[in-house]
Structures are given as structure tokens and as C-alpha cells.
Amino acid sequence: MVIEKKFLKGNPLKDISEYDFPGLRRALSLGQENVIQEISDSMLLGRGGAGFPTGTKWSLALEQAGDKKYFICNADEGEPGTFKDRFLLEERPLKVLEGLMIGAYAVGADEGFIYIRGEYDLPIKIFREILEDARDEGILGKNIFGSDFDFDLTLVRGAGAYVCGDETSLINSIEGKRGISRIKPPYPIQEGLFGNPTVVNNVESLACAAEIINKGAGEFVALGTDNSRGTKLVSLSGDINLPGVYEIEFGCGTLEEIINDLGGGVSYGNKPKFVIPGGLSTAALLPEELNCGYSYEDIEEAGSSLGSGAIIVVGESRDLVEILLKVSRFYMDETCGTCFPCREGNKQINFMLNQHKNKKFTRQEVEIIKDIGDAIAAAARCGLGQTSLSLIESIFDKFPEELIEEVRHSEKVRNR
Amino acid sequence: MKRLEIDNIEVEVEPGTTLLEAARKINVNIPTLCYEEELSIFGGCRLCVVEVNGGELLKPACATEADDGMIVKTHSPRVREVRQTLFELIIASHDISCELNCLTCTRQSSCELRVVAEDIGISRMRLNPIYRGLEKDFSSHSIVREPNKCITCDRCIRKCEEIQGIGIFANSARGPETEVTTFQDKGMGNVECTNCGQCIISCPTGALHEVYHSEGVWDALYDENKHVVVQTAPAVRVAIAEPFGAEPGTVATGQLVSALKRLGFDGVFDTNFTAYLTIMEEGTEVVKRVTENDNLPVLTSCSPGWIKFIEHFYPDYLKNLSTAKSPQQMFGALAKTYYAEQAGVDPEDIVVVSIMPCTAKKFESRRPEMNGDVDFVLTTREAGMMIKSAGINICDLPEENYDNLMGVSSGAGDIFAASGGVMEAALRSAYYLITGEELEDIDIKPVRGLTGLKKAEVPINEDLTLKVGVAHGLSNARKMMELIKEGEEFHFVEFMACPGGCIGGGGQPIRADMTSEEALQKRLEGVYSIDSSKKMRRSHENPMIQKLYDEFLGKPGSHKAHKLLHTEYTARGLN
Amino acid sequence: MKKSNDIFLETVHNIQQTYGYIPEREINQLAEKFDQPRAKIYGAIKFYSMLYTEPTGKYIIRICDSLSCHLKDSHDLLLAVQDYLGLEDGETSSDQLFTLEIVECLGHCGEGPVMMVNDKMYTELTKGKALEILQDCK
Ligand SMILES: Cc1cc2nc3c(=O)[nH]c(=O)nc-3n(C[C@H](O)[C@H](O)[C@H](O)COP(=O)(O)O)c2cc1C
Ligand code: SF4
Ligand code: FES
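Residue numbers (this note's numbering), protein chains in the order written: chain A, 1 to 416; chain B, 417 to 991; chain C, 992 to 1129.
If you are wondering where the hints come from, they were derived from the structure by calculation, not from laboratory data.
Keep in mind it's a predicted model, so treat the numbers as computed, not measured.
Among the hints, a few may not be true.
Sample of chain C residues at the chain A side, in silico, Cβ under 7 angstroms [what the hints assert, rightly or not]:
1) 998
2) 999
3) 1035
4) 1039
5) 1041
6) 1046
7) 1058
8) 1061
9) 1093
10) 1095
11) 1100
12) 1110
13) 1113
Simulated crosslink set (BS3-like; lysine-lysine; CA at most 25 angstroms straight-line) [claimed, not checked]:
14) A:125 - C:1049
15) B:602 - A:177
16) C:1118 - C:1129
17) B:895 - B:735
18) A:125 - C:1111
19) A:177 - C:1024
20) B:895 - B:883
21) A:125 - A:9
22) B:735 - B:883
23) B:976 - B:704
24) B:489 - A:370
25) C:1024 - B:895
26) B:976 - A:184
27) A:184 - B:418
Every residue gets a Cβ at the ideal spot worked out from N, C-alpha and C, and that includes glycine.
Using the sequences provided together with the hints, build the complete structure.
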């Protein structure tokens, strides 16, 4: 039986007069190196999807020369099925702010941005108020809490472009450009916003960082598995009885248990047709593959990825092509349109799927889809493109009878 | 130095060298589409992807710097496979259909997609184009955009912004709708486009091309009641043989005349003639304005792209422009007056055609203040196409001379084709007009060559040293204007919209086989080879010019000259 | 882009709050302020689906049709709303009251189907509830 482990979750915390920022105060007394050491000790992996170690990112950023550095909180959450950052922004915004400020202090940034997607009206309002109050209270500004740490934070509203969640696109977007990805290297920590070293962290990563400094790395490391420490906020949605955001200690249960114990089981048919374990950029898992532990490594072992922690359950009798079309339309609409494989590839895939609403695919068509998938994965410029066909390809792999025509005798002869 | 291995060959390169450059160093050609040497890196087409250290993710060679110990495979089976698929996708996005196909395409023989197809060894094409149904942009007098053919490589965007410093194009929308467009989708004719045509030269496909005038010219030629005369600009003769397989810079003046006569033109004239006239008029104006200290510096007015530029971006300086019309328009004005009189033809029946290296000349000919003196303007490319479709190979023709009336030329006109040419010719004449003597050191070298901004001081007499400047390419024009704005002193400044001057014009042949720099250099050598081989090199020495003034215009700057040969400008700003 | 002390996106959002869209003359001014060709500013604005260069309806109705909402029958909701408004994706009603958009995930996937009316989010909708909400838009 899986139950929630509350490390990040807690009572709503929005009123700045009720919070003393103990983590930030502790950080300021620890000093930059020690803060980073503690984050490194916690083995926190970035929660934005890529899973990059936060301690490493911060220490690389600290090493960067230059007197101007930026710290950005990525609150552009937009991958279908993901809403855990919104939960934090609405319920625990002060923890996010605290984590952000701890990070900024640790890497030596004096200016920061929180980029919230434009559709998140409530979080925007909450943060606008918090920033005003924080400035009034001297929590933002010069010599914060009597230290020599100066920091100001600006709220930037996104304007409806999922790809801006990618850190390089997000930086372009703040700079006032089209939100298209940048070619890496240089990485943002080398040359980011306005050409200066820039750290970008996810909302949840920062909330974790705040709690780690607050409670000590020890408590965090003690949770989870060897390779996945701490807890993870999971967004459960789709054909499930009790959707929502749940906090799960890594390794404390399987995907199946999460779906049944926390999610209350499948709501459409008796069992899932498949489950998407980490958002639309991750491969589907069949019911028989759900017996895998919830951790970065176990899900990878099962052939998929934990991604942003969005678990989408698809019920037994769902129409596959309908679902493929939704996935494909998302990628087609949301590519930034800069690199050819991603733009043209996703467009072609969507076109082909649209022609197969009640018709199976031929072997040749599947081969084309696979070739396009390979080309995008190998040659696209950013993560959006590179992973855009993971889910679609996995569905073709796992449901051949439902999707692909039997090879007819005549065709076999012709192919020879 | 960085040491690495590309396709099993050891290479050593300077830090900062890209894999694309490193591979070229050992003569390995990696296909590219969105890459252009003189522009910033875009990294969109991904055709140049290569395998680095066996990694899953392929790296764009154009945007990846060489590093120590890299093992690079530029044509591994995986790379070739991915490239084939990428190319299939690109072609599917290029929308080849009945209406739009290779055979009727302006770039049928200079299509970069075809070059790349060959480089890749493309062996399959499994995807059909998804019709985008975008409308063609016919708003401009000079340039047509066919967005369905556009593959959004962004080269035109970068060319316009980075080389010309204007930026009329941008990417708009997102995802599958991503397209290249203009401000508020107004179309090229309704924004600050200077019509220079440099975007056409950069486009790898036929998505951008000139507004064709060739149909009108054919009709005029077929019409027995029309008397059709043609003028050819200096820069055309060093480029017109290119579509017939010759090297850039091949001088084909006589062959061009011969070809045009075969096409049926009733008179074939050299724009050089009116180029002298421009020099005489402009030189006179310079002398007058320098002595009277009247709105200095004098800015040249013969490049119509530059004129539109200054009308949009520096309208306060229109009074500094020389009022002299460009040689093209002077020819048009004279053809329908002086020439009509001489030849005894009703001006109504005269059709004036020009062959120009320039797309902006099309717009110029349509300016209301030009009275429709020039009826049709063909680019060098269009002229080449017409000659070809008449079954003529220009390289095989004997040389013929221009028709007489306006046809004797000296070198001073030919160098109009290159940046610094107008300046040099004008200096030769101004010196004469002021001192009554010939300028001894006739090759005024500092104003020649491909440097973007050039300055020189030419001592005229004890009291006067002329400070002159030359700028070509509109980014440089902007820099020069900023210098002038800041108060740097000049008497006379030459401006050309296109990098290199007219030889690099937007109407010149497009090379899929060499960079535009290389082509420019070769054409430049061609131009100066004509100049130094000519005897008569000063405008004021041209006997026909003397005759024209004596018989018709009076003297330079006269009332009649003003009426026919001078013009005015429009302050446009950004509207 | 030149770092004007203002953040471009915020400036643009504010303009849109004033006019309901971003008028041409404002783009001209933005070009000057941020020292960019105006085509570029236009292109940047057009990148974002929440920014408009032409007037929209007084109420912008956004219905999520991404996967999780799709599994909660967002399609039926969509059809009902389309039918009620007589609008297709991206269209604005002739009385300038409504603009309808089918959008990707709005971040309320656990509470689908979801509809946004201007800034306001409505979750766990039924057709009936949605039409009631629209009837109140005047
Ligand atoms: C297409 C795309 C969308 C992304 N969206 C988000 C997002 O909404 N939120 C986020 O935090 N990271 C997102 N990322 C990941 C970011 O690029 C970046 O890795 C992350 O913000 C770093 O934070 P972390 O180290 O704390 O995880 C996205 C990446 C890609 C390629
Ligand atoms: S992969 Fe897609 S989203 Fe990323 S740069 Fe390329 S086109 Fe843009
Ligand atoms: S040439 Fe390298 S990506 Fe286009």
C-alpha cells in the first residue's frame, strides 16, 4: 500500500508575514560553498524533466567568472498531464521563492526572474502580490536579512508557447525574442540571459532545495533509492478515479500501486490499455510493465522515463489513433518551428495519422514513421523535437496488431 | 590548435573552427542549406549533422566547434540515413506541384536543393507535400515572394538584417505555420524594403525572384509598330555569359550587343553613355555645391536601392542627394526626346528596355516622377533567359558594336559597375572642371576594392582638398550616414545599395557553385580589365557627350538638362 | 536584443491589456524602444498564441483538448460550445463578443474538461455548465 510522503506538501503558505524564511536565513549563515555542498550532498536531481544534478549545476555556475549572473525559476509548466508546479505555486509559493533565493545567493546572482506560463492566472496573481510584499518587507532588495546578499526578482508572464519551458527558449523569450531554442553549447550557465551566466531551475527543484536547506540534506538523502533521492510530486490524470497531485517517496511502490492505491484505480474499463509514466515525451508502458518501482532508474529499466512526473492512465478500450493524434497534434503545434526535422517531421506524422482514422497502417508507412522518428531524435535541435516521437513510436511497437496491417502475400513478393 | 579526426583523417585547426570548416579543410564536403558563409549560424536545416564520438545525438557541423580528440564521421551509414530522411522532409515542405515545379521555376538551373540532392545521393522520396496554400506576394514592383516554395532556411532574413542592416523579413507564427513574412504581413511593396534583391541571391530556392518584365519585352519586340531600344548597364557585360557556362568576370560586351540585335531590338545602346552624362551633371553639381558650401556632402543618387533606403531611414538628408537622375533614367528621358527626334520616330512608339544587374531599377522605372520613360527593366538573369529561349548561346556569337548615337563609351562608365566607380569617374571630371587640367594619377586606388567603407582625400588645388567617401552594402551606408550625422566632414560620398556595387547586384546571375564573394571578386577583375584597356577615360572627353550638349542640352546644369536629367525624392519614413 | 529596462513580454502584455490586442503603431514604438526592426518585433509577437495583433472577441474562450482532457471527453464539450457559439477554432463572432480557441494543456489535467474564459479557469465542466457560463458572458 503506497501512501503519500509529505516532504514538500504542507499547509498553504502564501502570506509573507507568516513565514520567516528559515532556509534562506540558514543559507546566508552557511555561506555559498556550504549551501552548494549541502545541495550536492542531498543528491537532488532537477525536477524539470532532464534530471540534471542541481548541486552540480550550482557549483558550475558559482565557478563562472563575471560579475553579472541571473537566476531563473522555470514555471512554464505546459506538458500535457503535468500540473504539479502549479500546485506548488498556488499552495507553497513562499517555499519556491525561498528556494530561488537560496539558489541565487549560492551561485552569486543578484537578479532573478520567475517565468510563469501566461495561462496560470492564479499563480501569477499570487506571485505578483508576494513580490510586492517581499520588496516592502526588505526580503527582496539590498542586504537581505542583514547579509551582503542583494537580490531582486522580476515576474515574467509567458504568452502561450510550450517550448518556452525549454531553458534556452525561455531565455530567448525573456530577452524579447521568439521563444526558439538555442544551439548548445554554450549552455545557459556559460552564456545565458543577455549573454551572462544563468541558472534555470524548475519550481519543484527549488521547493526541494528550500526544504533541504531548511531540514538538512540528511533528511532528504534518507528518502528514496540510491539513484533517486527524496520525494517526487506526481500529477495523476487520465482514466483514473482520483486524479491529482501526490507526493511519493521514490522506490516506495510500483507504478501499479500508485495508480490503484493513490489514484483509486482505472476509471474507464477494468485495466489500463497503457500508462504514460512521465508525460507526453515518454514511452508508454503496458499493464504488465507497471510492476516497476517508481524511481528514475526503475522506469528507465522498463524502457521509459520518469520525465516531469506526469502519469497519464489510458483505459482499456480507448481508440489508439485518436490518442496518437492528440499526442502528435501537441508536438506539431508546439514545436518552435526552427529546425526542419522537428517542424516538418511532426507535421508529416500528424498528416499521416489523420489519414488513418479507420484504417490500419501499411508496413511501409510504419517504416516511414520510424525513419522520421529516428531523424528527429538524432538531428533535432532541442529536447522537444528529440523526444517528440518517443510515445508515438512506443505505441506502434506495443500495439502492432491493432495498428499495422498484416503483410499480405502479394506484398511480400513485391518487396523482394 | 585543436587536433581531431574527421573520417579517419587527422586534422589540426584553429580554436573556434567549426566542424564544417574543418571538414572543408580536408576537402570533405558536408551538405548544408541554411548555412551561408557571410551570415550568422542558424542551425535549422540540420542537413549538416555528423556523428561525434559515436554519440546518439548527431551534431550540426555548422554550429559545432572542433575540439581535441573528437572523432567525427561525416558520412557514416547512420548520418547518411538521417540526411536522406531530412531531405525527404525538406522536399515535402517545398511544395512541388503542377503550378510550382522545377521546370517553370526561376531557379531551374541554379537550384540549391538540386545540388544538395546530388551531394546526398538521394534515392527515395516517399512523402507528399502538404499544401500550405499561402498567397504569393505581388505587392512590390521589384520582387515577388512565393511563400509556398520557402523552406524557412532564414537566409533572406539574415541577409537583409545582417548584411543590409534593414530587416524587413522575420519569422512569424510557430510550429507548422512558421513562415517568413514582413511587418504586419503587409508585403514587400508596403514596407521599408529597398528592393536591392540581395535576398534573392541568398535564397536557395525559387521563393524569391524579380518581378518579370520579359513577357512585356517579348510583346514589344513582336509588335511591328513599336520601335524598341535597349540599354545595357556596365555590370551586365561581365556577368551575362554566366548563364551560358562562362566564368564570372568573362567580358561579353560585343556578344551581348550581337545577341540583343538577334532578338530584334531596333537599337542597342550602352548605359555608359548616360553614365557619363550623370558624371557631367553630378560633377557640375558637386563643383557648384562645394564652392557655394551648399548642403554638403553631396550624396550620389544613381543606386535606386540606396535612394529608397535614405527615403525611409534618413529622410532629413534628402536635400543632400544629388538631383541627377540615374543613368538608366537619363537614358529613358533622352531616348524619348533627343533620340526620337534624331531617329525621326514618334516618342509614343518608342519602347525603352533596360538590362540591369539590379532589381531596384524596376521600382525606379515605376516611380511617378520618372514619367514611365523606361518601359521595361530586365535583370541580367532575365536577359540571359530571354537570349537562351531564343536559341542563342551568347558565348558562340561574334562581337558587335553598340549603335552609334549614344554608343561610344570610355572606361569611366564601365567602372560604374563597381563600388567606388562613380566616385572615381566623378573625381576625374570634377578635377577637370575646377582646374581645367587632367588628373594625373588616374587610378584613384583608395576608392576601389571590396572594403565596405572607404575614404580618400584628393588635393584639387592649393585651396581645396576634396574629402570623399564610398560605401557599398546598406549596412555600410548606414554606418557612413551615422558618421555624417556625427559631423565627419565630407564633400562627396558615393553610395551603392549592394555589396560590391552593381556587380553584386540583386539581378545578377546566381551561383549555386561558388560563394557570392568569389563571384564578386571575379566580376570585379572583369570590370577593371575593361577600364584599363580603354583609351578614352574621362567623361568630359567623350565627343558624343559634347555633341549632345551642343545640339540639345546646352550646358551641364542648364534648364533643359534640369528638366530632363534631374529629379526629386520622397520622404517616406517608416510608413 | 538591447536590454531596455523593461521586459519585452511584460510590456507587450500590458499593451494588450489596454487595447485588447497589439496595434500596429504600438509595434512601431516597440521597435524603437527595443532597437529592433519592426518585422522582428511583429514576428516575435506572432510566436506566442496568447498575443494578438488584431482585435479579438470580448471573451476569449479557450478549451483544452490535450490528452488528459480528451480522456475526460473534452471533445464533446468542445462540440457543444462550438455549436452554441457557431465558431470554429480561432474564429471571432461577428458581434465581437467571442473568440474560440482549441488549446493545448492548461495545467488542470486532473480536473478536466477545462475551459478558460479570458483569465478565469473553469474545471470539471459539463456541457450544461459550460453553456451557462457562456450565457452569462455579455
Ligand atoms: C520542450 C521542453 C519543455 C520544457 N518544459 C519545462 C517546464 O515546463 N518546466 C521546467 O522546469 N522545465 C522544463 N524543461 C526543462 C528545462 O529545459 C530545464 O532543463 C529545467 O528547467 C532545468 O531545471 P531543473 O534542473 O531544476 O530540472 C523543458 C524542456 C524542454 C526541452
Ligand atoms: S527540436 Fe523543435 S522545438 Fe526544438 S529547436 Fe527544433 S523545431 Fe524548435
Ligand atoms: S547547415 Fe547546418 S544546420 Fe543547416
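Here's how the hints hold up against the structure:
For residue 998 of chain C, the interface hint holds, the least distance from its beta-carbon to any beta-carbon of chain A being 6 angstroms, beneath 7 angstroms. Annotation: residue 999 of chain C was flagged as interfacial toward chain A, and the flag holds, the nearest CB pair being 3 angstroms apart, inside 7 angstroms. For the restraint placing residue 1035 of chain C at the interface with chain A, the shortest Cβ-Cβ distance is roughly 5 angstroms, inside the 7 angstroms limit, so the hint holds. Taking 7 angstroms as the C-beta cut-off, the interface hint given for residue 1039 of chain C holds, the closest approach to chain A being about 4 angstroms.
A cut of 7 angstroms between beta carbons decides the hint on residue 1041 of chain C: the least distance to chain A is about 4 angstroms, and the hint holds. The restraint placing residue 1046 of chain C at the interface with chain A is violated, with a minimum CB-CB distance near 17 angstroms, outside the 7 angstroms limit. With a cut of 7 angstroms, the hint placing residue 1058 of chain C at the interface with chain A holds, because the nearest CB-to-CB distance is about 5 angstroms. The interface hint given for residue 1061 of chain C holds, since its Cβ lies 5 angstroms from the closest Cβ of chain A, which is under the 7 angstroms cut-off.
For residue 1093 of chain C, the interface hint is violated, since its Cβ never comes within 7 angstroms of a Cβ in chain A; the closest pair sits about 9 angstroms apart. With a least beta-carbon distance of about 5 angstroms to chain A, the hint placing residue 1095 of chain C at the interface is held under the 7 angstroms criterion. Given the 7 angstroms rule on beta carbons, the hint for residue 1100 of chain C holds: about 4 angstroms separates it from the nearest Cβ of chain A. About 4 angstroms separates the beta-carbon of residue 1110 of chain C from the nearest beta-carbon of chain A, less than 7 angstroms, and the hint is met.
Of the supplied interface hints, the one on residue 1113 of chain C is violated, with its beta-carbon coming no nearer than about 12 angstroms to a beta-carbon of chain A, more than 7 angstroms. Distance check on the hinted pair: residue 125 of chain A and residue 1049 of chain C sit about 21 angstroms apart at the alpha-carbon level, within 25 angstroms; holds. Only pairs whose Cα atoms come within 25 angstroms are accepted, and residue 602 of chain B paired with residue 177 of chain A is accepted, the gap being roughly 21 angstroms. This hinted pair checks out: residue 1118 of chain C and residue 1129 of chain C have alpha carbons roughly 19 angstroms apart, not beyond 25 angstroms.
Restraint check for residue 895 of chain B and residue 735 of chain B: satisfied, since their Cα atoms lie roughly 19 angstroms apart, inside the 25 angstroms limit. Pair hint residue 125 of chain A plus residue 1111 of chain C holds up; C-alpha atoms about 12 angstroms apart against a cutoff of 25 angstroms. The straight-line distance between the Cα atoms of residue 177 of chain A and residue 1024 of chain C is roughly 14 angstroms, inside the 25 angstroms bound, and the hint therefore holds. This hinted pair checks out: residue 895 of chain B and residue 883 of chain B have alpha carbons roughly 17 angstroms apart, not beyond 25 angstroms.
Of the supplied pair hints, the one linking residue 125 of chain A and residue 9 of chain A holds, its CA atoms being roughly 21 angstroms apart against a limit of 25 angstroms. The suggested pairing of residue 735 of chain B with residue 883 of chain B holds, with an alpha-carbon distance near 19 angstroms, which does not exceed 25 angstroms. A threshold of 25 angstroms between alpha carbons decides the hint, and for residue 976 of chain B with residue 704 of chain B the separation of about 18 angstroms falls inside it, so the pair holds. Of the supplied pair hints, the one linking residue 489 of chain B and residue 370 of chain A holds, its CA atoms being roughly 23 angstroms apart against a limit of 25 angstroms.
As the CA atoms of residue 1024 of chain C and residue 895 of chain B are separated by approximately 20 angstroms, the hinted pair is consistent with the 25 angstroms bound. Proximity of residue 976 of chain B to residue 184 of chain A is assessed by CA-CA distance (about 64 angstroms); at most 25 angstroms being required, the pair is judged violated. Note on residue 184 of chain A and residue 418 of chain B: the hinted pairing holds, with a Cα-Cα distance of about 19 angstroms set against a maximum of 25 angstroms.
The structure shown violates the earlier hints numbered 6, 9, 13 and 26.
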